[in-house]
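**Q** Chain by chain, the residues:
Number of protein chains: 2
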Amino acid sequence: METLTTTAALRERIRAQRAQGQRIAFVPTMGNLHAGHLQLVQYAKTIAECVVVSIFVNPMQFGPQEDFARYPRTHDSDKAVLQDEGTALLFMPDVQEIYAGGDVGQVTRVEVPGFEDDLCGQFRPGFFTGIATVVTGLFNRVQPDSAVFGEKDYQQLLMIKRMVRDLCMPVEVLGVATMREADGLAMSSRNGYLDAVQRARAVRLYEVLGEVKAGLEAGRRDVGTLEQQAMESLAEAGFKPDYVSIREQDSLKVPNPQATQLIVLAAATLGTTRLIDNIKISIT
Amino acid sequence: METLTTTAALRERIRAQRAQGQRIAFVPTMGNLHAGHLQLVQYAKTIAECVVVSIFVNPMQFGPQEDFARYPRTHDSDKAVLQDEGTALLFMPDVQEIYAGGDVGQVTRVEVPGFEDDLCGQFRPGFFTGIATVVTGLFNRVQPDSAVFGEKDYQQLLMIKRMVRDLCMPVEVLGVATMREADGLAMSSRNGYLDAVQRARAVRLYEVLGEVKAGLEAGRRDVGTLEQQAMESLAEAGFKPDYVSIREQDSLKVPNPQATQLIVLAAATLGTTRLIDNIKISIT
Chain D
1 METLTTTAAL RERIRAQRAQ GQRIAFVPTM GNLHAGHLQL VQYAKTIAEC VVVSIFVNPM
61 QFGPQEDFAR YPRTHDSDKA VLQDEGTALL FMPDVQEIYA GGDVGQVTRV EVPGFEDDLC
121 GQFRPGFFTG IATVVTGLFN RVQPDSAVFG EKDYQQLLMI KRMVRDLCMP VEVLGVATMR
181 EADGLAMSSR NGYLDAVQRA RAVRLYEVLG EVKAGLEAGR RDVGTLEQQA MESLAEAGFK
241 PDYVSIREQD SLKVPNPQAT QLIVLAAATL GTTRLIDNIK ISIT
Chain R
1 METLTTTAAL RERIRAQRAQ GQRIAFVPTM GNLHAGHLQL VQYAKTIAEC VVVSIFVNPM
61 QFGPQEDFAR YPRTHDSDKA VLQDEGTALL FMPDVQEIYA GGDVGQVTRV EVPGFEDDLC
121 GQFRPGFFTG IATVVTGLFN RVQPDSAVFG EKDYQQLLMI KRMVRDLCMP VEVLGVATMR
181 EADGLAMSSR NGYLDAVQRA RAVRLYEVLG EVKAGLEAGR RDVGTLEQQA MESLAEAGFK
241 PDYVSIREQD SLKVPNPQAT QLIVLAAATL GTTRLIDNIK ISIT
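Chains as they are written, first to last, in the numbering used here: chain D, 1 to 284; chain R, 1 to 284.
What the hints contain is simulated information worked out from the structure, not anything from laboratory work.
Take these hints with a grain of salt, some might be off.
It does not matter which identical chain is meant; a pair holds if it fits inside one copy or across any two.
To be verified - Straight-line Cα separation of at most 25 Å, DMTMM-like style, residue types lysine to aspartate or glutamate; simulated pairs:
#1 253 to 103
#2 161 to 12
#3 280 to 181
#4 161 to 111
#5 253 to 172
#6 161 to 151
#7 213 to 250
#8 280 to 116
#9 161 to 49
#10 280 to 183
#11 79 to 145
Could you put the whole structure together from the sequences, leaning on the hints where they help?
**A** Printed below as a string of structure tokens:
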């Protein structure tokens, strides 16, 4: 595995791989890699000869009160596991390399309507625009055939797909199912912030989503009540819930009565750690 | 010359040209081509073996009170002149092809800070975001090595350069000097809207810019007064001026006292036709 820190060096290496007829699959990450990330890399290996991973903690997607500064940087262990997984190229730019234009408030931004004011967007102003912008910049640097994202960040995945469609980016966007701990907790870099008591409680997020799913599968259609009960269950478990929301899977629209492919998404804070999760639901 | 209306067909043809080792230069236009456009095509031919021209009247950059519907579509004559100039590929998509995501208010947009609220941006809400968005989509379709724009739309040219830098788009952006009629009027598709009396007066826009240039070259540094006098001169000539503004050439910043590379830009309406122009100034 070769580690590159500049766009020029990255492009030169990718050009060489392409010249050998290799397809390029790209896995953008913020590092602090866990088994969920490695599953994205493994999937990328099944669709391309050359897997490029990026590690970049993107300041533009963090709010002023959020954890940009303390977001865990574990570069040595990240490199070791990516090497073991057969990553060809690791792109680790610094902030100046990505935002050479200066302050992140002053650079060209990419905005996907309908995301900044919905679900996580409502609670994290600028979050989705920050992601759309950095992913666009990374796509333009890597120019991959395919890019692989985790379904845990489901709203992000749908936004990237929408952006790629709207701007006709020459990239195939693929989602990979969420990887979970033994008890069901979705793997996340932020799980590392939880103390032992919080960690034991955290699984309730997944369990509560499962209860909503069970309700829908049992024929309940009182979506608002289901959401409200789930919010209460999370609060009882010690969470401060931001939302629990039942949506259509493909569009994230509030489901119409005929919809059968649904998803329930939630975000809730435990102590100071904000966790998100989702479960897909197919109603027959 | 081959005319293509779909992205899929365009990409296939460009792939074939690339496979022959050809470089791709791209000239995006809204059609109604005049000698200024042809100069862009001629320049493109000097830097690439394969010249791609697009003709697309972009609804996203027109305001509700603007001339989208009546913007001249002269496809047959446009095709003839492009053929004569040695254009390899002409891309003429319809609105649905570019905005498959639906209403232009609902699609992913690209915004370059500092342009929507300055110079033409102040008078045409949404104009620059509409351009940045459509150009991004066209770049992603054509994937050219270089793209060529006219300097008449100087603020647009600088915005595209800024966008390409900020998002690290793999395209070289090149500007070509404004082509003028015999009397000095900058060539523009909108000149065709002028009646004979207006056409005779229209040259005053260029002349007034020349007067500002002469003032600066003669040592005047009272920028605000120069701008104000130019506005009055335009009004006397029958224009309704939007702005006359002296700026730094590379940044469009209000010039600091040491700046030597300046540009004076103006926009003014004659009858119902809004004209723009600019002149660069080098102070020694």
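**Q** Work down the list of hints and note, for each, if the structure agrees.
**A** Structure-based check of each hint:
Taking identical chains as interchangeable, the C-alpha atoms of residue 253 and residue 103 lie at most 25 Å apart only when they sit on different chains, with a minimum of 17 Å there against 34 Å within one chain. For a Cα distance limit of 25 Å, the shortest separation of residue 161 from residue 12 across copies, 22 Å, qualifies, whereas the shortest one inside one copy, 27 Å, does not. Taking the closest pair of Cα atoms, residue 280 and residue 181 come within 25 Å of each other only inside a single copy of the chain (18 Å); across copies the shortest separation is 63 Å, beyond that limit. For the homomeric pair residue 161 and residue 111, the shortest alpha-carbon distances inside one copy (13 Å) and between copies (19 Å) are both at most 25 Å.
In this assembly of identical chains, residue 253 and residue 172 lie within 25 Å of each other by CA distance solely inside one copy; the values are 23 Å within and 39 Å between copies. Only within a single protomer do residue 161 and residue 151 lie at most 25 Å apart by alpha-carbon distance; the minimum there is 12 Å, versus 35 Å between protomers. Within a single copy, residue 213 and residue 250 get their C-alpha atoms as close as 17 Å, which meets the 25 Å cut-off; across copies the closest is 57 Å, which misses it. Taking the shortest alpha-carbon separations for residue 280 and residue 116, only the intra-copy value of 22 Å comes in at or below 25 Å, while the best inter-copy value is 40 Å.
Taking CA atoms no more than 25 Å apart as the test, residue 161 paired with residue 49 passes inside one copy only; the shortest distance there is 23 Å, against 34 Å between copies. Proximity of residue 280 and residue 183 under a CA criterion of 25 Å is satisfied intra-copy only: 18 Å inside one chain copy versus 67 Å between copies. In this assembly of identical chains, the alpha carbons of residue 79 and residue 145 lie at most 25 Å apart only when taken from the same copy (23 Å versus 33 Å across copies).
Against the hints set out earlier in the document, no violation occurs for any number.
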